[in-house]
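Novice: We have chain A; now place chain B onto it with these hints.
Taken in sequence, the protein lines are chains A and B. Here the first sequence is numbered in the working numbering, starting from 1 and rising by one per residue. Here the second sequence is numbered in the working numbering, starting from 1001 and rising by one per residue.
Hints are computed from structural coordinates only; laboratory data are not their basis. Treat the hints with caution; some may be incorrect.
[Stated by the list, open to error] The calculated EDC-like cross-link candidates involving lysine to aspartate or glutamate, where the alpha carbons are at most 20 angstroms apart (straight line), are:
| hint | chain 1 | residue 1 | chain 2 | residue 2 |
| --- | --- | --- | --- | --- |
| 1 | B | K1050 | A | D31 |
| 2 | A | K5 | B | E1094 |
| 3 | A | K54 | B | D1179 |
| 4 | B | K1731 | B | E1768 |
| 5 | B | K1460 | B | E1492 |
| 6 | B | K1777 | B | E1730 |
| 7 | B | K1090 | A | D31 |
| 8 | A | K35 | B | D1774 |
| 9 | A | K52 | A | E13 |
| 10 | A | K35 | B | D1179 |
| 11 | A | K54 | B | E1094 |
| 12 | A | K52 | A | E65 |
| 13 | B | K1814 | B | D1774 |
| 14 | A | K54 | B | D1175 |
| 15 | A | K35 | B | E1585 |
| 16 | A | K52 | B | D1175 |
| 17 | A | K54 | A | E13 |
| 18 | B | K1220 | B | D1179 |
| 19 | B | K1090 | A | E13 |
| 20 | A | K108 | B | E1331 |
| 21 | A | K5 | A | E59 |
| 22 | B | K1261 | B | E1484 |
| 23 | A | K52 | B | D1179 |
[What the hints assert, rightly or not] Partner residues are not named here, just some residues of chain A that face chain B (Cβ under 8 angstroms, in silico):
| hint | residue |
| --- | --- |
| 24 | S8 |
| 25 | A12 |
| 26 | A18 |
| 27 | R47 |
| 28 | H62 |
| 29 | L63 |
| 30 | S64 |
| 31 | P68 |
| 32 | W105 |
Don't be surprised by glycine CBs; every beta carbon is placed ideally from N, CA and C.
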Amino acid sequence: MDEEKTLSELAAETGIPARTIRFYISRGLLDGPSKAGRGAVYTHAHRERLEKIKALQAEGRHLSEIAPLMDCGDGERPSYPSAPWWQHTIADDVLVFTRGDISPWRQKQIRDAIDEMALRLRRKE
Amino acid sequence: MTAAACFAPIVVETGQAIELAMQRLWLTGRILPAGARLTVQHVFRSAETKPIEVIYSFPLPRDAALRRFRITGDGFEAHSEWKETEEAVKAYEEGVARGSLAALARQYGDGVENLTVGNIQPGEQIAVYLELIAGVELRDAGFRFRFPFTLAPAYHARARMAVVDREGEMELPADEFGDVILPRFREDPSALHQVGFELSVESGLEIDELGSPSHAVRVKRHGSEASRVTLAAEKDIPNRDLVLDAHYRETRPQVLAGFPKDGKGRFAAILPSTSFGAKTESPRRVVILLDRSGSMQGAPIAQAAKAIEACLAALAETDFFGLVAFDDRIEMCDTHLLPGTRHNRDRAHRFLETIRARGGTELAAGFQKAVELLERGGGDVLILTDGQVAGTERILADARKTNTRLHCLGIGSASQDRFLALLARETGGVSRFVTPSERVDLPAVDLFAPIGRPLAAGLKVTGNVQPEPPAAVFGGAPVLLFGEIGEGEKVEVSWDGGGALSLPVAFSGSETGETVWLLQGARLITDWESRYPSEEVLAPVEKRRQSRVAARLRDLSRQYGLASREVSLVAVVERKGDRAGQLPETRVVPTGMAQDTRFGAYFPRPGMPLAYALSAAGQDPSTRMLNRRLAMAPNPAALPISTGAPRPPEPGEFTRMFGSAAPPVHPRHRATIAPPPSQADAPGAPPFFQSLLRRKRGHAASAQTESPEDALLALASAMDSDGGMPGRNEKDRALASVLALLAFVSHGHTPSSGAFRSHVARLVAFLESLSGLDASKRLLAEKAIEAARQGQAPPGDWLRLAQAGGDQWLALGKALAE
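Next up, chain A with everything else stripped away, as it sits in the complex (with noise of 0.2 angstroms):
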């Protein structure tokens, strides 16, 4: 049987703030305490939730990119209906997409790579 906490215990146990969980229950990142009400409790599934969540922020993904990641399950990754992309033209034969809506260090990152690349085959012609 899962471990029960309060909300103060899952705060402190994955060092996300209280307030923090509370949103995240309300934009339906996480399912609500197991009982209501004074015997609100948590488990280990929420914990193990927080954890994923806190991982995919990490990676660079907005909350409303989070919530169906999580729907979905381990290995099981949503493709992005309303994603706007770009479309670099590099060469003739060379078409490069990216996503539009990344975090604007990823943007560079990318541009940067996008760059070098198109100076790579420049060179070789």
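Specialist: Same frame as chain A, now just chain B:
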């Protein structure tokens, strides 16, 4: 269907409009020349069926700190207590867990506050009255008060952005920003909470004008030194700062003083820069740093480019300048400082013509490059930016290390005033902020005029003055001093070179004394909040709390009774029927996008890629770079597409996206497009004005209707590096310079006042240096110089004459003879 139902987000399952948790935000209080004491009323009402926890996020104004709050509801009123942040959070959480009504005001980095109110019951209405202390932007001739009614999204390299329920959401990394929650940004703010204000403005000097460039206001005077300012409309929307400007009838030092409850005399002294004498004309070394990030798109960047040209025209050939533009990449006019010659100004002009807004705001990288340009010789940096960046403490820490004065001109409708004021002050520079409805160029020229030429240094003040006086005084920026003083004593100020001032002190009531005391506390707290060493800014919260800065902040909070990053305000109210363990639903209060910032500049939507949004010219920066490198490629197109198969843009698509009829130039065509025919080739225009016109047509802003200020700016930009206007020979140049001088003087600019004071001073010096004029022309030049010194031009449309060019010695002689 109501407006709210039309434009507000809806619950997907039911199709019902989401009810707002916050209904109203009302600002009241008292504004003094040294700062303001304010109360913000927040009214929350729940129309939901479950208890809710509401989070309202807002930015602090400049030099601001929260003092306390009171929370009222049906049959109760409770007052906040201040506790170290960790303890305050604990008390709040315990209150929420007990089912009680709990409220917490907690400050995060960048001066962002979260006001969290937990367990508002269905149908319940709660009001939180938050008292805060805030600074004002001082000017020699008055002051500007700025209060943020919204919070603008800001650039951070690790921010995560998305559109949820048609509102923009921005998340900042928890390792740097903790559990801060930012508001949801709504593109159409019309259905959001009401905002309004009713403020009193008081001054020891007679206030000549009181107005607002941001809101329609009603002003009711109470004598010559106090006024009541209210919002003219019944209510407004939260999409911009409130800005109030007060102008004095005369410029002279002021001292506010009183005895607060502790019985010690406290004063705030405001010393206009004119108290410190005239400026020196030493050579300058200045780097201008232009923020070209996507959020500067439109009028701000066009006006900033024009302003830079006019600023550079104020330089002599013995001055040196650098020009750097940054977004998340950096471009420079040259890799070294350049002498202020005409040739180099032309180079700067060509460089500015290529500048378009795009990308993110890597401000720290920008000023590091500017500082590198200055090398070991030192100098000043002028930054033109909207300052919309997050993680400002890190930037401040980096800026202090550069040991270079940074002067900031902020541009925007939602305030980064706090950050830019700190950035300038912490490095010994000065700052100014303008709203988008105001011109950017004139304040830029005004701010540039004294840069590199401090009026005074080494200020010393008798008695216990905190914070320390500034290291240098610049024209146009008064000095503000806070300190302790006894009855019958004077504020004695001295500075290097033997300058001294002795200011008598008249004590007012204890309320003024207490306000001055609180303003001093808020100022000290704000200064210290910007001083976490960079390694501590990013340290885990526990480590940061152990730092020297955190300890100092706790002391200051205790001493002045004000909150800070280390001390928060909390209140818990037990009500009948509270049920322990109930889990409130969290609601984040939305706010309006800043009026001048496009929603798409931060929040991607299908059909409007972020990369596009970040590029004002409608082109992805990387694409632009690739295009240059692949100009010979058969099909070098880089097109934005939505999900699914790649497709080219449809006709008219760019127009819809950017509100502009001009689509981005196809890269393949770019190289072959000839420059647009120049208006400067128009026959009849005098030679120097042809070059002027050529410059003016080059910028997007030229589409605006020309005002006298536009024409003056164009005149200023056309000046040669010796301070005279261009012309074929000395006689022509003298005539053009006299007419330009009188044009400036007739619009209120003299060698010592007005935005163009540097230009006027240089015109005067140029005319004085001319030796080849005959006696009659020499006399006319001398009359014009005298008019400039007196600040009074003879009657005449001098601006039109200056623009017209041609041989007008006769007309000039006639006008000056009258």
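Novice: Confirm or reject each hint.
Specialist: Do the hints match the structure? See the list:
1. B/K1050 with A/D31: Holds - the C-alpha atoms of A/D31 and B/K1050 are around 16 angstroms apart, at most 20 angstroms.
2. A/K5 with B/E1094: holds (15 angstroms)
3. A/K54 with B/D1179: Roughly 12 angstroms between the alpha carbons, so the hint for A/K54 and B/D1179 holds.
4. B/K1731 with B/E1768: Distance ~13 angstroms between B/K1731 and B/E1768 Cα, so the pair holds.
5. B/K1460 with B/E1492: Distance ~8 angstroms between B/K1460 and B/E1492 Cα, so the pair holds.
6. B/K1777 with B/E1730: Holds, because 11 angstroms separates the two Cα atoms, which is no more than 20 angstroms.
7. B/K1090 with A/D31: violated (23 angstroms)
8. A/K35 with B/D1774: With a Cα-Cα distance of about 99 angstroms, the restraint between A/K35 and B/D1774 is violated, given a limit of 20 angstroms.
9. A/K52 with A/E13: holds (14 angstroms)
10. A/K35 with B/D1179: violated (26 angstroms)
11. A/K54 with B/E1094: violated (25 angstroms)
12. A/K52 with A/E65: holds (13 angstroms)
13. B/K1814 with B/D1774: Distance ~17 angstroms between B/K1814 and B/D1774 Cα, so the pair holds.
14. A/K54 with B/D1175: holds (11 angstroms)
15. A/K35 with B/E1585: holds (16 angstroms)
16. A/K52 with B/D1175: Cα-Cα ~16 angstroms, so holds.
17. A/K54 with A/E13: Judged against 20 angstroms, a Cα distance of about 13 angstroms means the pair holds.
18. B/K1220 with B/D1179: The given pair, whose Cα atoms are some 43 angstroms apart, is violated under the 20 angstroms limit.
19. B/K1090 with A/E13: holds (15 angstroms)
20. A/K108 with B/E1331: holds (16 angstroms)
21. A/K5 with A/E59: violated (28 angstroms)
22. B/K1261 with B/E1484: Status holds; Cα separation ~14 angstroms.
23. A/K52 with B/D1179: Distance of about 17 angstroms is within 20 angstroms: holds.
24. S8: holds (6 angstroms)
25. A12: violated (11 angstroms)
26. A18: This interface hint holds because 5 angstroms falls under the 8 angstroms limit.
27. R47: violated (17 angstroms)
28. H62: Since the shortest Cβ distance to chain B is 4 angstroms, the answer is holds.
29. L63: holds (7 angstroms)
30. S64: Holds: closest Cβ of chain B sits about 4 angstroms from A/S64, inside 8 angstroms.
31. P68: violated (12 angstroms)
32. W105: Nearest chain B Cβ about 4 angstroms off; hint holds.
The structure does not agree with the numbered hints 7, 8, 10, 11, 18, 21, 25, 27 and 31 stated previously, though it agrees with the rest.
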